[in-house]
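Chains as they are written, first to last, in this note's numbering: chain A, 1 to 379; chain B, 1 to 311.
One or more hints might be untrue.
[As the list claims (entries may be wrong)] Far from chain A, some chain B residues (derived; all Cβ distances over 12 Å):
#	residue
1	Ser-182
2	Ala-241
3	Lys-279
[As the list claims (entries may be wrong)] Label-pair restraints from in silico Cβ distances:
#	chain 1	residue 1	chain 2	residue 2	range
4	B	Ala-166	A	Asp-18	23 to 33 Å
5	A	Val-260	B	Leu-80	50 to 60 Å
6	B	Glu-235	A	Lys-19	52 to 62 Å
7	B	Phe-27	A	Glu-212	24 to 34 Å
8	A	Phe-322	B	Thr-137	46 to 56 Å
9	B	Pro-170	A	Cys-250	53 to 63 Å
10	A	Phe-322	B	Glu-10	49 to 59 Å
11	B	Lys-18	A	Leu-297	28 to 38 Å
12	A	Gln-294	B	Pro-170	33 to 43 Å
In short, the hints are calculated from the structure, not lab data.
Where is the CB? At the ideal position from N, CA and C, for every residue including glycine.
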Amino acid sequence: MGAIRAIVRKELRQTFRDKRMVVILFVAPLVQTLIFGFAVNLDLVEQPLVLVDEDGTAASRAVVEALSHDEALEVVAVVKDHGQAAAMLQDNRAAISIEIPRGYEDKAEKGEAQVLIAVDGADSNTALRTTQVAGQILAARASSAQRDKLSKVLTSRGLSADNAVAQLDLSIRAMFNPQLRTAIFLVPGVLGMVLTVITMILTAMGLSRERELGTLEQLMVTPLRPSDLVLGKTLPFSILGLAEVGLVVCLAVLVFDVPVRGSLWLLFAVSAAFLLTTLGMGLLVATFSETQQQAMLSAFFVILPAIMLSGFVFPVEHMPLFAKWIASINPLTYYIALVRGILVRGADIEHMWQDAAMLVGIGLVVFSTASLKFRKRLA
Amino acid sequence: MTESTVIEVEHLSRLFGKFRAVDDISFSVTRGEIFGFLGANGAGKTTTIRILCGLLSPTSGKGRVLDIDIGKAPERVKPLLGYMSQKFSLYPDLTVSENLELYGGLYGLSSSRLAQRRAFAVEMAGLVGQEAVLCATLPLGFKQRLALGAALLHEPKLLFLDEPTAGVAPRARREFWTLIRSLASSGTTVFVTSHYMDEVENCDRIVLMSRGRIAALGTPTELKQGLVGRIVRIECGQEPARLARRLRAHEGVVDAQPFGSAIHLIVAPGLDPINHARKALAALEEQPRSVEVCQPTLEDVFISVVSGVAR
Ligand SMILES: Nc1ncnc2c1ncn2[C@@H]1O[C@H](COP(=O)(O)OP(=O)(O)OP(=O)(O)O)[C@@H](O)[C@H]1O
Ligand SMILES: [Mg+2]
Numbered sequence: 001m002g003a004i005r006a007i008v009r010k011e012l013r014q015t016f017r018d019k020r021m022v023v024i025l026f027v028a029p030l031v032q033t034l035i036f037g038f039a040v041n042l043d044l045v046e047q048p049l050v051l052v053d054e055d056g057t058a059a060s061r062a063v064v065e066a067l068s069h070d071e072a073l074e075v076v077a078v079v080k081d082h083g084q085a086a087a088m089l090q091d092n093r094a095a096i097s098i099e100i101p102r103g104y105e106d107k108a109e110k111g112e113a114q115v116l117i118a119v120d121g122a123d124s125n126t127a128l129r130t131t132q133v134a135g136q137i138l139a140a141r142a143s144s145a146q147r148d149k150l151s152k153v154l155t156s157r158g159l160s161a162d163n164a165v166a167q168l169d170l171s172i173r174a175m176f177n178p179q180l181r182t183a184i185f186l187v188p189g190v191l192g193m194v195l196t197v198i199t200m201i202l203t204a205m206g207l208s209r210e211r212e213l214g215t216l217e218q219l220m221v222t223p224l225r226p227s228d229l230v231l232g233k234t235l236p237f238s239i240l241g242l243a244e245v246g247l248v249v250c251l252a253v254l255v256f257d258v259p260v261r262g263s264l265w266l267l268f269a270v271s272a273a274f275l276l277t278t279l280g281m282g283l284l285v286a287t288f289s290e291t292q293q294q295a296m297l298s299a300f301f302v303i304l305p306a307i308m309l310s311g312f313v314f315p316v317e318h319m320p321l322f323a324k325w326i327a328s329i330n331p332l333t334y335y336i337a338l339v340r341g342i343l344v345r346g347a348d349i350e351h352m353w354q355d356a357a358m359l360v361g362i363g364l365v366v367f368s369t370a371s372l373k374f375r376k377r378l379a
Numbered sequence: 001m002t003e004s005t006v007i008e009v010e011h012l013s014r015l016f017g018k019f020r021a022v023d024d025i026s027f028s029v030t031r032g033e034i035f036g037f038l039g040a041n042g043a044g045k046t047t048t049i050r051i052l053c054g055l056l057s058p059t060s061g062k063g064r065v066l067d068i069d070i071g072k073a074p075e076r077v078k079p080l081l082g083y084m085s086q087k088f089s090l091y092p093d094l095t096v097s098e099n100l101e102l103y104g105g106l107y108g109l110s111s112s113r114l115a116q117r118r119a120f121a122v123e124m125a126g127l128v129g130q131e132a133v134l135c136a137t138l139p140l141g142f143k144q145r146l147a148l149g150a151a152l153l154h155e156p157k158l159l160f161l162d163e164p165t166a167g168v169a170p171r172a173r174r175e176f177w178t179l180i181r182s183l184a185s186s187g188t189t190v191f192v193t194s195h196y197m198d199e200v201e202n203c204d205r206i207v208l209m210s211r212g213r214i215a216a217l218g219t220p221t222e223l224k225q226g227l228v229g230r231i232v233r234i235e236c237g238q239e240p241a242r243l244a245r246r247l248r249a250h251e252g253v254v255d256a257q258p259f260g261s262a263i264h265l266i267v268a269p270g271l272d273p274i275n276h277a278r279k280a281l282a283a284l285e286e287q288p289r290s291v292e293v294c295q296p297t298l299e300d301v302f303i304s305v306v307s308g309v310a311r
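All chains should be built: construct the whole structure from the sequences, respecting the hints.
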């Protein structure tokens, strides 16, 4: 017990004495949160739209009207023919073109309306989402055209149309994050990323530094047990890691209005479970590295794919099978899912016990393997 | 193992892969002795110490340290000994007193004993009044003495020092050895390795190690015995290395090594050293400034032993 305390005290002293360390610990997470909150904006705004209205009817004008009212799109031109629209896409004056062909009105009334959407696919993510937005608006218009027709028929027979057509109205609404705001989506990811980087890299670097300095050997010749060394080394970073969680969440709430709908206790518990994996990975990296440089490189080799294949930015469901498989053993995947659940949906552990079980399971496996390997390497 | 035996090693070997870092060594060390391990880079000195400290397990052979079998219970030996590793092993970003506090905590010292021992270590290192100084800023000589102080916090009966004076200025080295001698005279057994032949003269007994094996073992006087009257110092001025090489080819010359601007020549036993050296020089048509018999140094012993020609 005294030995663990001695190590923990030493770690904290060293950490806070190093100015760079303090920056990494407390400034970096704030900056990252701000960057992801402000700069990396996945919210669609004013995608330049060029419209080709070949129909020129009341129905087609209603479509144009509806499209020009959406925040995500900005109608930059309404042109007469297909060639002009294609040219505008080509030289980047428009990101999306929508062609309403001749005869749209007639077909819409029959529910057979066709519209041609062409989109600049260079940024596939934006393209996909732009198309979705446009598609929703078009679908809504088409069904309302159909409804107009239907209600004409119904009223001509002396019936009221209101109830009959309600179900035709196509409406897509994002639950819990109605404006589909990026900050809400990204904050859990930023949390996971900050925790991974800080706890894993600091553990790995700290241990390799001691190996390089020769202090590890000096520690090992004292009666300090290897398991106590592991504890003494990882405990301070767990505490610091949890402090970071608090810091990032505060910032997200204050600056980005990210809601905290679920239990903060649960959030910290889940974070602690996640720390088992990052600290374990840090130990593993330290076990297999001779120098700090090696440790740093190896850590990044682990961290980059972990972040990419976690659903942080790209949804796991859209990944190829191999990537999906990696994501399914990636603790960050579960952590992000859990944090999103807790913060945004206010979900309780009962609703997420599978994710939580996976996270704890992976954590126990990684940490115990790592400390075993590390202890072996010391002996 | 008699009562005063502190270390007893029998046929100890340690392999790294197929490489024999320590190759079948046997020796014993008695209480209060200063026991020196001398050897070139890679001779296996550090490996031997690490085995004896319980940091590394032996591949074969037996080792008992303070009556504990280090092959079986390396953990039990750790609290009993002090170890100053070859690398400076205090934390550069902690202060003098924080470093001592850390090691005191690791050895389980009570806070009152820690305070007392910390004062002792600071005083021994000559750092009174500098307790709050970061270790990184201390001169090497002070660092080494502080590391020694840290290794002595828990008052071990046995102390391992792995090249404690490497790179330290001559005066600081002498002071360090004064400390070692006073420790030994108060009953602490000191096992020390070194590259410096001159300071090893301070040891009660010496092992000469070469490529994992013990090439010679004895007191400094015993080791030099076989070479007394056989060393000729030739003052030759220029290119001693080249002349030494040519002399080596001469019959009756066991070995010739450059020593600064001079050459130390070892002649075969039974020959008149001066006459033989002059004959050899004449044959090479060399006219040295002086030729005289000199006292063997440990360096002569080491060279002759390592080149496999001693006695
Ligand atoms: N962990 C290890 N793995 C592989 N080889 C090792 C290991 N430790 C030491 N060696 C090798 O064993 C040999 C003896 O090393 P050791 O450190 O004991 O020598 P030394 O006498 O202390 O040398 P120096 O004066 O340079 O400190 C060296 O050739 C070294 O490369
Ligand atoms: Mg060595």
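Tested hints:
no., hint, verdict
1, Ser-182, "holds, 23 Å"
2, Ala-241, "holds, 35 Å"
3, Lys-279, "holds, 52 Å"
4, B/Ala-166 - A/Asp-18: 23 to 33 Å, "holds, 28 Å"
5, A/Val-260 - B/Leu-80: 50 to 60 Å, "holds, 55 Å"
6, B/Glu-235 - A/Lys-19: 52 to 62 Å, "holds, 58 Å"
7, B/Phe-27 - A/Glu-212: 24 to 34 Å, "holds, 32 Å"
8, A/Phe-322 - B/Thr-137: 46 to 56 Å, "holds, 53 Å"
9, B/Pro-170 - A/Cys-250: 53 to 63 Å, "holds, 59 Å"
10, A/Phe-322 - B/Glu-10: 49 to 59 Å, "holds, 57 Å"
11, B/Lys-18 - A/Leu-297: 28 to 38 Å, "holds, 30 Å"
12, A/Gln-294 - B/Pro-170: 33 to 43 Å, "holds, 38 Å"
The structure fails none of the hints (numbered hints given earlier).
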